[in-house]
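2 protein chains.
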Amino acid sequence: MTDKQLHALFNPESVAVIGASSTPGKIGHSILKNLLEAGFNGPIYPVNPKASSILGRKVVNDISELPRDVDLAVITIPRNLVIPSIDKLGEIGVRAAIVITAGFKEVGGQGYYLEQELIEAAKKHDMALLGPNCLGMINTHGLVNASFAAGQPDQGNIAFFSQSGALCVAILDWALGENIGFSKFISLGNKAALDEADMISYLGKDEKTDVILGYLENVNNGEKFVQKAISHSNEKPIIIIKSGTTSAGAKAASSHTGAITGSDQAYSSAFLKSGVIRAHDVETLFNLAQAFSTQPLPKGPSLAIVTNSGGPGIMAADACEKSSLNMARISSASIELMKEFLPTYASLYNPVDIIGDAGAERYFKTMETVVKDSNVHSMLVVLTPTSSAASEIDEICHGIVKIAQKTDKPVFACFMGKKIISSGKKILMNGSVPCYSFPEPAIRCIEQMHKHFQWKNNPCPLPTPVSRDKGRAALIIDRVKKSGQNEIVEFRAQEILQAYTLPVPRTALVRSSHEAVEVAERFGYPVVLKIASPNISHKTDVDGVKLNIKTPDEVRKVFLEITGRSARLRPDAHIAGCLIQEMASRDCKEVIVGFKRDDQFGPLIMFGLGGIYVEVLKDISFRLAPITRDDAQKMIREIKSYMLLKGFRGDPPINFDAVENIILSMSQLAMDFPEIYEAEFNPILVNSEQAIVADVRMTLS
Amino acid sequence: MTDKQLHALFNPESVAVIGASSTPGKIGHSILKNLLEAGFNGPIYPVNPKASSILGRKVVNDISELPRDVDLAVITIPRNLVIPSIDKLGEIGVRAAIVITAGFKEVGGQGYYLEQELIEAAKKHDMALLGPNCLGMINTHGLVNASFAAGQPDQGNIAFFSQSGALCVAILDWALGENIGFSKFISLGNKAALDEADMISYLGKDEKTDVILGYLENVNNGEKFVQKAISHSNEKPIIIIKSGTTSAGAKAASSHTGAITGSDQAYSSAFLKSGVIRAHDVETLFNLAQAFSTQPLPKGPSLAIVTNSGGPGIMAADACEKSSLNMARISSASIELMKEFLPTYASLYNPVDIIGDAGAERYFKTMETVVKDSNVHSMLVVLTPTSSAASEIDEICHGIVKIAQKTDKPVFACFMGKKIISSGKKILMNGSVPCYSFPEPAIRCIEQMHKHFQWKNNPCPLPTPVSRDKGRAALIIDRVKKSGQNEIVEFRAQEILQAYTLPVPRTALVRSSHEAVEVAERFGYPVVLKIASPNISHKTDVDGVKLNIKTPDEVRKVFLEITGRSARLRPDAHIAGCLIQEMASRDCKEVIVGFKRDDQFGPLIMFGLGGIYVEVLKDISFRLAPITRDDAQKMIREIKSYMLLKGFRGDPPINFDAVENIILSMSQLAMDFPEIYEAEFNPILVNSEQAIVADVRMTLS
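Protein sequences appear in the order of chains H and W.
Residue 60 is where the first sequence starts when you use this note's numbering, and the numbers rise one by one after that.
Residue 60 is where the second sequence starts when you use this note's numbering, and the numbers rise one by one after that.
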């Protein structure tokens, strides 16, 4: 897909409507009507085999009769005619098509194959393809409404794309009611060719778009999505709803990482990685859109609240304390200034309560002082329609707009009420100051904007390189693959870890109790014995691990017990003997590092504390590979039980560097070998000195 | 306060306005104007020393000249004239007063004492007193608007009281804009006499009120509040915002319970206990008010979603899965029925997706089938304004209203959009079907209604009695009080536990290493030694606890170490010796039970797992004492780490009965002895057989 094709799709110079209809209510009629009513400047060609004129336009009876300069064709004809039409359109040089017609992949069966043919046809003719099964596209600034949506949105700087046509309809109607403008409005339909990543890429460069909104149920290509989002989220906020939080994939989970890691975490991690802001509902999507499209980002977390009423001020302060923002400490210089014009009963601290009888002048002077305060990064102006405020509501709002225009800090309003304040709300809207009905959504918006500021100003270095002997690891993995095993046995997996310079306990495979004692004597007591079998991946299922073995006699006895029990419980399993390992120091904490390969986004790295913290409390952090050292540090700090690692009740802190290295190596391993489907180091025994990978499990796909 | 006075306040037959003014904009003018405009039927007497006529009404120049039949006086005169006026009004038999005037307790200093005098004056004359520092009161059905608020709300079945006058103003304006009606609208002001509990009590019996809403920053009297709320929340939903989540009280915390337990938990627990629904923001307050005031409660958790669009259907299902509701399983009989009239592409399962071209008839038949299904407890009708839906929007809405009126199950609508759907929204509103713009708030409302249904249908038995020797415990506590100590030393506290038949380990106080060995031999090894000092409450601070002591030599050595170290580190402390205890079995889990006395609501009982679960992860549950066995069971089940107690990785479940008994005893102890400020059993060692209180701390107030 070249830019030329996309340009033809969004900014066509001429449009053909294949399947234009003279019957009002039919889609082919609505599309033509919308094109005409939007005031499109170029030629419009209705195509219909029978009619001669529709809506005053001369009809072309067959595609072959169209002139050779058509940029965009909007297709709304029966399913079985779509592909032949694409071919004909391609032959006369049409560069872009919007297929409105449904009945493709979404209905399964024959529809699936038809969609494949459609993709091929568009590809053959080098044609941009939007849909099928979509509502169409609107470019307000280009005066193109190539959709059958009811109503024409105003011009604006917000672009919206959606995988759900119904949501397009709903949001368009909502925007019309709220006077919200759009730059582009795109229904993606089945995303046969053009998908969310293409939209981000195109809209990211679109001069008329300042904020990109999207509604998705899945992404077509995770890697492409992340790559496009990363390259544009720095310039323009990308805010997306991802719905349909389905359960994990079809592959059965063979580790805790696998059991815990669902596709929703992968989406969240992908959004986090690429600077995409995730909205969890449509209301939030729009609140954020208004905030990001009108106000600058706050350069710090400190919020000042100016209010004419105590109760709502407290509610706003509560909401601020619950967020990652904090209440700004108003400087004493500002307080001195405000003392001069505020009444005695006013509260000069934050929230600055200028009392119910405040009018426009008092509001203005206070806002001017507060917003200039260098301790303040953002300001929220709260108003309840007291009689003083109500009688000067327009002047107050003009004042807010004036202040917002003069400062580079974001200014938000929260007007509690509806009827009396409505004229003021309009002034704010026209002056590009977002106004909310309640303090909480306003503060959630400022919080997201501050997070986005932090993300933008994160140096975002390249993934931290890890030193390793990739060739040696590849040899081992190849050998396992050739053996036809899926599971890499611990002893082999340890060799891979060594190739990644990860510390593992001294380990040997022993085939008899005699050999076990010999090795134990060499390692020194206590030792650990574990069943060694390529067929037994959950060793604890057969009670196949015994720690803290202290004497030769015990070694002998445990060896016979473990191998005997395993053979009895799993008669099908090949028992290679036991692994014998030196025992790590007892004052260790257990952590887990794992990854699972998400179908869309690749390896999702997981970190958590061992045992119940992961299994019961689900206290885990995630990142998509490849990761940076900064990511690894954040993963460790994000879990709730982080305090246990930092040192608790007099324990020294663990060796964080060592754990970070293990996380980084896990990420590197996942990137190096796409054939590893999942891996888990569990437990990793960590104390203030070192971190040792005491057990490992790896599964090939 | 008798009902007669309250009746005079809310339903006066005549009203005097003390401080009526002829100047528009003045409060004394607005009140008179509001009274007149509301259409009040009885006589209205403006009182003003100078004027002769205001707003066409003859003015009374002095209170003494008023007739003897005045029920209610609304007072808006300078602060220093208020109390003399109350006296004069009392003398002529006025039964109720609303004091609008500010400058009392809220300004501190002199104002505080004036408010005390005001309370006394009202009490002396047996007068109901609303305010001071309030906006007034509106009774829409009585045609009384005794407030200076701008605008007159419609009649409705929702009552609202608020501690913030500004919030009254905001909500009134909001209600006017949304056409929401009210029964009573009450600004509480400083709550000098009438408070939230009085309002709940009055509105609970008010025939015009079906739902009670409130905004509070604190409660005047916790016990009274809980008592009144309990007696009315069963009949009418009480929905309250409590803002200003301040940090814990002034008393320094001497236990984990103390450190963790803030007043916000006490409010939440008090609301839970009394069936009050807590809203966390104004938007939720109103969403809930609309839901509760129009629809019946769902009798079960199963929700059915009927939608004309896939995306919004998925969003609704996501929201349902995140809530405590579940998606109803549509019965096969219903599915068979729907197959007859729904198109092939429709999805017959839940969400029932009737496709974008659905009109009124398809909606109606589907809703009718779904709502009758016995697997369905509530129904949410989702609509996006597709052209088919838009063209029949009014019929669709009439259909929804008809269905809702015929069924005893709650029916909600979620219409995504704004402009096209606005006529439909009005039909729903007039037909008492709540309609939301997004699925999430609708589902949160249904969830709260289901929770309220469960609460109402909880047998709510009396607090479970606990057998104990209260006299014996009283003797011990008295002795400690007389000694002037605040902290009850462990040895004495153990005696109290024994009086409550709680299991404690065999314990003895030993004063020498020799005596320690003697006792250890009698108890049997291993034993525990703990420092015994009334001055050392955190024994671990001096490393004053040693577990698992196995030999006489070790006992001797540890005794000398502990007492020596304690004396060295805390030279001021009186060292009584050591406590020696038998050692509980090693396969125990540690839990904590504690309580702290909240200033408003009394003892707040806490439960959690020992160690980091409480301290780091804050995984705790709360209830206000006195509690029932059901409460104790829920407290245990509410914590996230409950699964550890239930049996994890092959461990047997703990003895839940024994832990419940300890929680119940803690509650009983807290109720029996108001002089105990806080207490904590930590750790309680629990396994499948028993629960032993291994350490205890109690502090007197």
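I should point out that these hints are in silico values taken from the structure, not numbers from a laboratory.
All residues carry an ideal CB built from backbone N, CA and C; glycine is no exception.
Each hint should be verified, as a subset may be incorrect.
Said to hold, decoys possible - Derived CB-CB ranges, DEER-like:
| id | chain 1 | residue 1 | chain 2 | residue 2 | range |
| --- | --- | --- | --- | --- | --- |
| 1 | H | H66 | W | E697 | 52 to 62 Å |
| 2 | W | S747 | H | G623 | 49 to 59 Å |
| 3 | H | N607 | W | L628 | 32 to 42 Å |
| 4 | W | L521 | H | Q692 | 51 to 61 Å |
| 5 | H | K109 | W | K431 | 19 to 29 Å |
| 6 | H | E266 | W | T403 | 20 to 30 Å |
Any of the earlier hints contradicted here, and which numbers? 2, 5 and 6
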